[in-house]
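Participant: Chains H and Y, in that order, are what the protein sequence lines are.
Going by the working numbering, the residue at position 138 of the first sequence is 230; the numbering climbs one at a time, nothing skipped.
Going by the working numbering, the residue at position 209 of the second sequence is 324; the numbering climbs one at a time, nothing skipped.
I should point out that these hints are in silico values taken from the structure, not numbers from a laboratory.
Heads up, the beta-carbon is just placed ideally off N, CA and C, and yes, glycines get one too.
Some clues are possibly wrong.
To be verified - Calculated pairs, DSS-like style, for lysine-lysine (alpha carbon to alpha carbon, straight line, at most 27 Å):
#1 108/H / 296/Y
#2 407/H / 342/Y
#3 314/Y / 188/Y
#4 163/Y / 315/Y
#5 188/Y / 143/Y
Said to hold, decoys possible - Derived DEER-like restraints, expressed as beta-carbon distance ranges:
#6 204/Y / 318/H: 48 to 54 Å
#7 348/Y / 384/H: 14 to 20 Å
#8 263/Y / 159/H: 25 to 31 Å
#9 127/Y / 385/H: 28 to 34 Å
#10 150/H / 361/Y: 31 to 37 Å
To be verified - Among chain Y residues calculated to face chain H with C-beta under 8 Å, some are:
#11 238
#12 337
#13 346
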Amino acid sequence: MNRSLVFLEQREGAVKKASLEVWRRVRELAASTEGTLVYGMLAGPADTRFLEGCVDGEVIVYHAEQEEFRLYNPERYGRLVAETMQRKGIANLFFADTALSRDLAPRLAVRLQASLLSGCSRLSPAGAPGGCVRAVYSGSAMALFEPEREMRIYTLPSRGTVTPSSSGGKITFVPLESRNDAKEELFPVVRRIMMQRGSPDVAEAGMIVAGGRGTGGPAGFALLEELARLLGGAVGASRAVVDAGWRPHPEQIGQTGKTVAPALYIACGISGAVQHLAGIASAGTVVAINSDPYAPLFDVADYGIVGDLHQVLPKLIEALQEFLKSK
Amino acid sequence: MNIAVCLCPVPDAASVIGFANGITDRSKVHEVINPYDEYALEEAVRLKERFGDSVVTLFSVAAGPAAGEMLRKALALGADRAVLVSCTELSDPYQTALALFRAILNVYPDSLPDLVFCGKHSTDFQSGQVPPMLAELLGIASVSAVSALHATGEGVQVEREIEGGVEFLELRYPVLLSAEKGLNLPRNTTIKAVMEARKKTIDLMPVVVGEAPFVRMTGIEPLERKKTCRMALDEQELIRLLSRERALF
Chain H
93 MNRSLVFLEQ REGAVKKASL EVWRRVRELA ASTEGTLVYG MLAGPADTRF LEGCVDGEVI
153 VYHAEQEEFR LYNPERYGRL VAETMQRKGI ANLFFADTAL SRDLAPRLAV RLQASLLSGC
213 SRLSPAGAPG GCVRAVYSGS AMALFEPERE MRIYTLPSRG TVTPSSSGGK ITFVPLESRN
273 DAKEELFPVV RRIMMQRGSP DVAEAGMIVA GGRGTGGPAG FALLEELARL LGGAVGASRA
333 VVDAGWRPHP EQIGQTGKTV APALYIACGI SGAVQHLAGI ASAGTVVAIN SDPYAPLFDV
393 ADYGIVGDLH QVLPKLIEAL QEFLKSK
Chain Y
116 MNIAVCLCPV PDAASVIGFA NGITDRSKVH EVINPYDEYA LEEAVRLKER FGDSVVTLFS
176 VAAGPAAGEM LRKALALGAD RAVLVSCTEL SDPYQTALAL FRAILNVYPD SLPDLVFCGK
236 HSTDFQSGQV PPMLAELLGI ASVSAVSALH ATGEGVQVER EIEGGVEFLE LRYPVLLSAE
296 KGLNLPRNTT IKAVMEARKK TIDLMPVVVG EAPFVRMTGI EPLERKKTCR MALDEQELIR
356 LLSRERALF
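For reference, chain H alone in the conformation it holds in the complex:
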């Protein structure tokens, strides 16, 4: 009996879409493999009524609702996950690839003596938890990693795709006891978080409109922001414009920024240096808009328009508005 646990990350009581996506993918993999059970785990108070609409069939979720788990704490979360896996005989652990799992999973790997396969583009072989494939050397190569230990931990990047609607299932919540002293300070302690309201984070967006030096300055991004809003997506940036101070670092995509896997990536005025391309290797559809027809980005784009983005974008926005209205 193969048992897998999917860690459902919550922030401010809402379960992250990336975690729901991983949960769905792991359940799909399990459905095609004999004898695999998939459990969910939730740490901290959360809106659980909404969760039932996200699953099909009958599912079990271990839930530690205590206040001490409301904010991320690697020691508290680590103990909770490790104890649950050991007590229930669970060998495989899955996380969405997020800031939290990049911080927690390596510590857990040592604690559990588990193989950690992080940032998996593809699970290989598709099916039973085995090895994984991911990009290395700034996206110039794909490498296969295989686990050597009995217990395994996988972190899977979000694909930012729209979650297909489920017919709605039934979740059995199994409460988890905390064995910690809630008042003990286990460092590091998160004192508070500050969320940016409004547009989605680039790492979680299904559609990204990114800008490079061709935008000409911070003002040039107004058009990109408008298109992103229309698409319900996020604005991204090349390294050059972040270094120039035109956009903030959390928007940077590429080798020293974020790796993203949106369904649609529109690159405006970005030449396409290797380090930038490393960040978009897993994008679904890439569109390049550049006044230079020889820009390297056209080599990796699916569609392109040669032109000045200041002229192209307003027309593109108008064309999209017309199209959406006619639907």
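Keeping the supplied structure of chain H fixed, place chain Y upon it in accordance with the hints.
Facilitator: Here is chain Y on its own, set in the frame of chain H:
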């Protein structure tokens, strides 16, 4: 204050790496200090300058002449001494963390350093696993990808980027932190610093890592990226193509 900084060399951005028959050929590669480690080193040196009576020790598990060169440069940037950790080939982040762990215990036998700094990940494999693994082995608290830091005599307050926001955390020494880009602006070397660095020591320290790795890299292939870009005649056509061929809207 005792501060340890872990450094690793990586191929520089322009290097061409060969992948033939599943074997990685780094022979024509020029190696530089991992960019994220530069932020870690700079932060360590600033703390040393601020708190006084502090020693910054570098640790690197790399081999070859590039490693020594990298450590000399880092010594010129303000570190006090360096330890080049040598052991049999390390095949995964766990083994690398074990090697650094043992070297750190050798250098600090009585009490752990107040701070251990690393870069958030190395640009070649980008796993980011070594820093938190090292912290778990040392049994100390850690925060990865720190974008801002305020240190006091007892501990640190740090910030890190989370999806759609920022997390503010607090820890007491000893701590391990991995640096995100933009933590600070790394300094440049000066001729004077380079001359003084020649007098600083680089110790060769053999360690044994007998544990089996957690993970093995069993295959590698170059990623062929070239696609055929379909040029759209105008913006309306582009929208039609994205809708009809890609079902995006």
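Participant: Against the structure shown, which of the earlier numbered hints fail to hold, in ascending order?
Facilitator: The structure breaks none of the hints.
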